[in-house]
Amino acid sequence: MSLTNLEELTAIALFGIGFTLLLLDRNLIKKILGFSMTDSGIYLFLAARGYVAGRTAPIVTEGVQAVEAYVNPIPAGLVLTGIVVSVASTAVMLALTFRLYRSYHTLNLDEITNLAGKEAD
Amino acid sequence: MPLWQSIPLASILLPLAGAALASVLPARAARRWTVLLLCLVTGGSCLLLVRTLPGSTAFNYPMGHFGAPWGNELRAGPLEAMMALLFSGISLLSLLGGMRRLQEDITSHRQSAFCAILLLMQAALMAQVYTNDLFTVYVFVEIMTIAGCALIASRSTRGRGLASAARYMVMNLIASALLLLGIILTYDLTGHLLMEPVQKAILPLQQSGAYALPLTAVIALPVLALAIKAALFPFHTWVPDAYASATPTGAAMLSGVVCKGYLVVLLKVIFRVITPAVVLDAGISDVLFCFGAAGMVMGSVHALRQTEVKRMIAWSSVAQIGYIFLGLGLHTEAGAAAALLHLMGHAAAKSLLFLSVDPLMAASGRQGRLEGLRGAGLRAPVAGAAFTLGALSLVGIPFLPGFVSKVSLARAALAYGGLHTWGALAVLALSTLLNVLYMLRTVLLIWSPGGSPRDPAVPSPGPLCHLSLGLLSAACLGLGCLAGPVLEAIRAGLAVFGIPL
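Going down the list, the sequences are from chains A and B.
Here the first sequence stands for residues 81 to 201, numbered as in this note's numbering.
Here the second sequence stands for residues 48 to 548, numbered as in this note's numbering.
This is chain A alone, in the form it adopts within the complex (with noise of 0.2 Å):
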């Protein structure tokens, strides 16, 4: 028996991973990388779904062939939104980790929570 489905089980472990560092840990950056690894995973998964073995993309060269010869697109434009918008909200979580870093000399969210709460708002 051989698998067909490497992708996807490399997506669940991937979200897996990811999940648990996002939720669990309490290192900003660790979280950071935890949330990239868990929509990977994701993106992955659509993109393994979004595939169909021995077809094409939708680019017309050669004259229009079957319905047959082409794999859906909305997928992969699926999966390029969805990065663009993974990459934004990292980018404002590490702006955030950044300037708490420069603040209190820790990553730790626990630590900071506790830090920020003894100064006067």
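Watch out, some of these pointers could steer you wrong.
DEER-style ranges, computed between Cβ atoms [what the hints assert, rightly or not]:
1) B:156 <-> A:153: 36 to 44 Å
2) A:86 <-> B:238: 21 to 29 Å
3) A:110 <-> B:97: 50 to 58 Å
4) B:156 <-> A:188: 31 to 39 Å
5) A:178 <-> B:324: 47 to 55 Å
6) A:144 <-> B:156: 52 to 60 Å
7) A:93 <-> B:324: 32 to 40 Å
8) B:90 <-> A:106: 44 to 52 Å
9) A:131 <-> B:521: 51 to 59 Å
Quick caveat, the hints were computed from the structure, so don't treat them as lab data.
For each residue, glycine too, the CB sits at the ideal point set by N, CA and C.
Based on the hints, put chain B in the right spot on chain A.
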């Protein structure tokens, strides 16, 4: 297609393009430009409501040249128009009411960026209200999340505000990942992203019992993600610090419209995508009901224990979001209508509270502590009156929206029967009692004589702030006195919103 049907598209594109322009304008021009655009969107939403309400008609607006089920679509009806009017109106009044504080809180070279963020927020809200496409929902939910982070962090360079912005982002990134996964699984399972085709594909799947596990995930993931984003108890940990440290405009918008935007998306997911019958079958309503009830009690208990007035109002938001989820969790038409009425009343009353508490604090030497506000109403009477009105509405005094929505919630719970009735009535009574304790305590405090005399160096809040407080109070009174017709309109809107309950 008549021209007025393009209002939804215009209310998304105008703020989106306007945000780009606002970011390069000088501060003063950017502020005026933002006010102008928000006025335009509010006016457009008004017009749309006038057009759709009488016959309670809804229409689909295809984007580009691909019709359903392939292309992207907007959909608008009476309920969408009402929500758009509420959101754009509250955003406009929040900006006007907090304008003076905005200029003190944020350095002038960053004000243009702040205005751009407000416009992006507006575009995202309108897109969430009108879109009929799941992936568009995801993209604009993310835009709103990032804009919300900017609203929280705009004033603080360190301290609790910034730390709460980080916690807000972490919570929202978790929810984003779940939402995206839910949408991708839906797409994988049904082959559609437009809401109506997805719904048509999900019903036979559920009836045949095929793909039971993925289908449960598809139902649970977006609901959970949106509940996290709307700060339902126990996902509210960032709320008190964030609302308390944001500039008044930011706090009013975060509590008044941002959480509500996610709730509108949740309504769409329940009514238009998953369909109420499948939601009931999966037991999601009961989960929402329980968490809503827990939030109502815990939010009020924490609000009672606060010594800082802004944090008290923020905790009260946690409780009020609980009311809305309780109404949705009843899973009846009356419950959903009551929840929507509560959503509208709370949006008006809570932004009124956040905008009026700032002049009160300014007149008391910038004290955040409750005790420091003694006599603040006598020193800033307009703000004091507005605060009193908002507080009374949250408590549930007749002729104010909080009263009508609580009564409607209780009626919906009574009609439901069984354990739900007793549970809902008990938490309603308990939460209202706690509301009375902490809100009336504050109202009595700001009107009791004593405290420090007014510092003549503190400027008055200005005519813009008074105008905004007056309009928001009028909106509260209007919602309360005309609650019958508003409820009727909500029901008419719900009937054409998706699959009715």
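Against the structure, the hints:
1. For residue 156 of chain B and residue 153 of chain A, the Cβ-Cβ distance of about 43 Å falls inside the hinted range of 36 to 44 Å, so the restraint holds.
2. In this structure, residue 86 of chain A and residue 238 of chain B meet the distance hint of 21 to 29 Å, their C-beta atoms being roughly 23 Å apart.
3. Against the hinted window of 50 to 58 Å, the Cβ-Cβ separation of residue 110 of chain A and residue 97 of chain B comes to about 53 Å, which satisfies the hint.
4. At roughly 33 Å, the beta-carbon separation of residue 156 of chain B and residue 188 of chain A lies within the given 31 to 39 Å, and the hint holds.
5. Distance hint for residue 178 of chain A and residue 324 of chain B: a CB-CB separation of about 48 Å, consistent with the stated range 47 to 55 Å.
6. Here the CB-CB span from residue 144 of chain A to residue 156 of chain B is close to 54 Å, well matched to the stated 52 to 60 Å.
7. Checked against the hint of 32 to 40 Å, the pair residue 93 of chain A and residue 324 of chain B passes, with Cβ atoms roughly 35 Å apart.
8. Here the CB-CB span from residue 90 of chain B to residue 106 of chain A is close to 48 Å, well matched to the stated 44 to 52 Å.
9. Distance hint check: the CB atoms of residue 131 of chain A and residue 521 of chain B are about 57 Å apart, consistent with the given range 51 to 59 Å.
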